[in-house]
Amino acid sequence: MSDAAPLLSVRDLSVGFEGFDGYADVVDGVDLTVEHGEVVTIAGETGCGKSVTTKAITGLLNEPPAHVDGTVEFDGQDLRELPDDERRELNGDRISVIFQNPLSSLNPVFTIGEQLTDTAQFGGDGNTGILGYFRRRFSSTDRSAARERVLELLEEVRMPDPESVMDSYPSELSGGMRQRAIIAQALLNEPDLLIADEPGSALDVTVHDEILSLLEDLIAERDMSILMITHNLGVARRLSDRVYIMYGGRIAETAPTAEIFDAPHHPYTQGLIASIPRLSGESMAGGIGGSVPEYTDPPMGCRFHPRCPYADESCRSSEPADVSFGEQARSACIRHSDGDSGPVPTLQETKRRLSEHEPTPEPAEGNQ
Amino acid sequence: MPRIGQILRRLSGMTVSLLGLSVLIFVISRVLPGNPARMALGAMASDEQVAELAAEMGLNKPLPLQYVDYMRRLLVGDLGQSLQTKNSVAHDLVTKFPATLELITLAFTFMVVFGIPLGIIAAKHHGGILDNATRFFAFSTVSVPSFFIGIVFQLVFGYFLNWFPITGRLSSAYSDEVVRATGFMLVDTLLSGSVAAHVDAWSHILLPALALSFSGMGQIIRITRSSMIDVEGQDYIEAMRGYGLPTWMITDKYTLKNAFVPTLTILGLQYAWLLSGAFIIEIVYSWPGLAKYGVQSVLTSDVNAVVGVTMLVGFVFVVVNFVVDLLTSYIDPRIGLAGESA
Amino acid sequence: MSIDTLSFDTSGLDRIVSPARRELWYRSYRRFANQPMSVIGLVIVVTITLAAVFAPYIAPYPEQVGSFTDFANAYHPPSLDHPFGTDSAGRDILTRVIFGYRIALLLVAVVLGLGVPVGVMLGLVAGYAGGWVDTIIMRITDTFLALPPLVLALAIASAFEPTLEIAMFAIASLWWTWYARLARGLAASLSDEEYVQAAELAGASRTHILFRELLPNCLSPLLVKATLDAGIVVLTGASLSFIGLGVQPPRPGLGTMVADGTQYLPAEWWISIFPGFAIFVLVMGFNMLGDGLRDLFDVEVEQ
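In order, the protein sequences belong to chains Z, U and Y.
For the first sequence, the positions run 1 to 368 when this note's numbering is used.
For the second sequence, the positions run 1 to 342 when this note's numbering is used.
For the third sequence, the positions run 1 to 303 when this note's numbering is used.
It is worth saying that the hints were derived from the structure and are not from the lab.
Only a predicted model underlies this, so the values are computations on that prediction, with no experimental measurement involved.
Backbone N, C-alpha and C fix where the C-beta goes; we use that ideal spot for every residue, glycine too.
Honestly, I wouldn't trust all of these hints.
Each pair of labels, with its calculated beta carbon distance range [stated by the list, open to error]:
no., chain 1, residue 1, chain 2, residue 2, range
1, Z, Ser318, Y, Thr49, 51 to 61 Å
2, Y, Thr69, U, Leu299, 23 to 33 Å
3, Y, Ala33, U, His125, 20 to 30 Å
4, Z, Tyr23, Y, Ala33, 18 to 28 Å
5, Z, Glu216, Y, Ala33, 52 to 62 Å
My request is simple: use the sequences and hints to build the entire structure.
Structure, rendered in C-alpha cells:
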C-alpha cells in the first residue's frame, strides 16, 4: 500500500491561537499520512492537540483566531492552497467527519430525518446557489431518493426502527441511537476519508462496545480510509492499522498497531501502555505523574521532559529528532541514540522508573 | 412539542397568576389608600356622605368578604363606574383599548422589522465596525427615556421638518367621515373608503409608534445578535459545515431556527412591555388610548378606573407569557413549559 | 475573542491553568479595559455621581435650584453663562440638571438599597429551602412580575399624594421581586454543588450555608444585575415624574423638568431637551458599565 501516493499527507502542520493569555501553540510541526484503505489512529491525552489537528485537516478552524501553517495534501491536492469553494466541495463528499459529541452534533430543533435527508441531498454541495437549491429542495424525486438513502444507511448502522427515528428529535433518542445517526450521517455521501473524533467515547461501556463493533464491520465492508482520534489505547488497538501517539502538540511516536503495543519506543508511549493493566500484564500504580503542558507556555526542548523519568539537562535544551525503527515506525526521543544494542529505553525500565519518578515541578508560579 | 397535560398545567398556573394579580390589585385599591370613599368624594365631602358611599361600596364588610364581592363583579366584567367619565369602566376600557392596541402593534412591527435584521447583520459582522455601530445603537435605544425620544421626534419631524402631525390619531377634518367600526383607525379609515383619511391616520401613528418601538428594539437587536453568534459556534453547525451543506442553507435554515427561540421569548415579553411604554408615549402624543386614560385616572384618584386598567394590563401580560411559552416549546422540543421547571 | 471561547477541547486547560489570584485580577482588569464602552460607562457613572454629591459646590447657580424666580432672565437660549439655557422662571438649567442627578441617584440608592437585600434574602431562602416556602415566595414574586413596574408603581402611587417619597416607596416595593427570582435560581442551582453539600455534611448551620456558602457565589451576577437595573430605576423614576406622579415642582426632578418644558416647544426647546438628554447619558452610563461587568464576570442575567 505504500507504493501509491498516500490519500492524506500532512506535513509540518502547526496551529496556534491568539488569546488573552498570549499565543497558544496547540499543534507544532505534525507530520502524518493515511494510506488508501488504512485505518489510522491519533491517540493522546486530553489537551494534546489531536482534535485541533483534525479540525485543521477538515478546514473547520476559523482563521483568525487560529493560525494554521504547513501542508495538508488530500489525494494529491494541497487543501490549504485550494480556493474556499473547491475545498467545500470536498467536505461531505470525499471527506466526512464523525463528530465527537453525539448530542451536540445534532441540531436539537430539527428531526433526525430532516437533518440526514438534507445531508444526503446537499452534503458536499457547499457551493450550490440559492436557485439551484430551491429547484432541488422542492423536487420531490430528489427528496424521496435522499430519504431512501437515509433509511438504507440507518439500516446499515443497525438503527432500531429507522422509520420512526426519522421523525424523532435528537432529544428523544438514546445516546447510542444518536451516535448511530451521526455515523449514518457521516457515511451518507460515501466519503473516501472518514475522520472519527472519539467515536462513542461519550457513551457508557456496553454501548461504546456496540459502536466499536459497528465501526469494525463498516471498516470491513467499505472501502474507505479512516483517521480516528481517541484517548483510549484499547480503541486504537482494536480498530486501527497504525497509531500516532501525540503529546503536547507533537507526534511522539508512530508505528503499526501491533508493533507499538509489543515494543513501544518512546518513554511516553511506554508510560501509557504500562498504565493499562490489561495491556502490560501487571498494573503500574499512579500512571504517569504530572499533566499535559500548558499551550501558552510549553516546556523547552522535549515537551515531555517535565514528566519523563529519563529527563536530564539535554532534554531541556534540545528538541528531539525523529529516529526511524523500520519503514513505518519512528519515535522522537534523544535517548534512542544512547543504546548500542536494541531499542532504548525499554518498557520494563520505564515502568520501574515511573513508579519512583516525581515530575519536575514547573518554575511558573501557581501551578499545582 | 407541548402535550395537552403540559398545556393544562400551564393554564392552571396562569389562573393562579391571575388570581394573585387580582389579590394584589385589590390590596392596592382597597387597603393602601385608607378610605376609597373619601378618595372618591374628595376632601370637601362631609363625613355622612363618606359613610353613605362607604356603605354603598360595601366597605363596611370584612376585607375577605369585600374581596369575594370584588371578584364576583370582576368575573362578570363589572368594574364599576369611572368617576372621571361617569361611564362604566368596562365600557371605557373597550373604547380606549383598540387605540393602544393599534399603537403597540405597529410599534411591535417596527421592532421586529428593524430589530431582527440589525441583529443578524451585527452577528454576521461580529467584531467589525457594523457590529459596534449596531451595538451602540442598541445601547442608545434601551437607555433613552421614551418621553425624550418622543419629544425629539416631535421637534424634528413635526415642528422643524413639518412632515408629520404631532398629536392625536386623526385630523379633525376627517373625523366626521370616518365610521368608528373596529376602533382601529387604520382599519376604520379604510372601511369608510377614504384614502385621504387613511393616509392621515398613518401620518398620525408613525411617530408615536416609532418612538414607542425604540425601547424594545435594542433588546431585540442584542438578543438576536448574541443568539446567532451563540448558535453559529455550536457543534451541530460545525457538523453541517463538515458535511458540506450549502453555506447559506446553514445560516438560513439551521442557524436561524435555533437562534429564533431566545428572540421569540424576548419578542413576546416586549409586546407586553410596549403596553408599559405606551403609558408615556400616549401622554406625549395625546394619543387617546388606554394608557392616557389610566394616567388620568391615577391623577384624579379614579379608583375603579385604575383597578380596571391595571387588571387589563396584567391580564395581557399573563396571557402573552402563556402564548410565548407555548410557541417556544413548539419550536424547540427540548424546552418543557416554564410552569413545570419550578 | 478569548481563547476559552474557541471550539477546541479545553477540558484539559481548566485543570492545568490555575494562575495566581493577582494575575486573575490583572487579566480581569485587562479584559475590562479592552472594551472602550465599559470604560466610558464607568467614567460617566463616576463623573455624574461626583457631580451629584458635590452639587452645591460645582453647580454654577446653586441658589436657583428650587422656587427661585428671575423673570428678567427667563427663556435664555444656551449661552456661555447658561450652557443649557434658562427655564420659564429664569433658572439655570445646568444647575437644575446637576441637582436633578442627585434625586435620580438617591432614588437608585433607595430602591436598590431596599430591593436588593430583601429580594436576595427571600430568593436565597426560597431556593435553598425549596418545598412550600419556595412555592409561596415564588408565587408572590410571579404575581408582582406579571405587571410592568411602571404600571404597578402608577397604581400604588395613585393611592397616595404624588411625591418623590411615594414614588420611591412604590418603585422599591416592586423591585425586590427581580432579585428574589435571580437569587432563587442561583441558590437552587448552587445547593446541588458539591461544596455546599460538603458544608451540609460537615454539619454547618443553615444560616452559615446561606451567608457563607451561597451568598458570596451570587455576588457577581447580582452586581451585574444591579448595575443594569440602576439605569431602569432612573428611567422608571423619570417616567413617573414626567407623568406628574414623582418629583413635584419646584424640586428639580429630571423627568419633571422635561414635562415642564413641553409647554414651551418648539421655540424654547432647550428646557425639555437638556434634562432629557441628561437622563439618557446617565442611563447609558449604567448600561455600558453593566454590560462590561457582565462580560467580565461572564454571567447571564435576564433584563
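Please write out, lowest number first, the hints stated earlier that are contradicted by the structure.
Of the numbered hints given earlier, the structure breaks none, since each of them holds.
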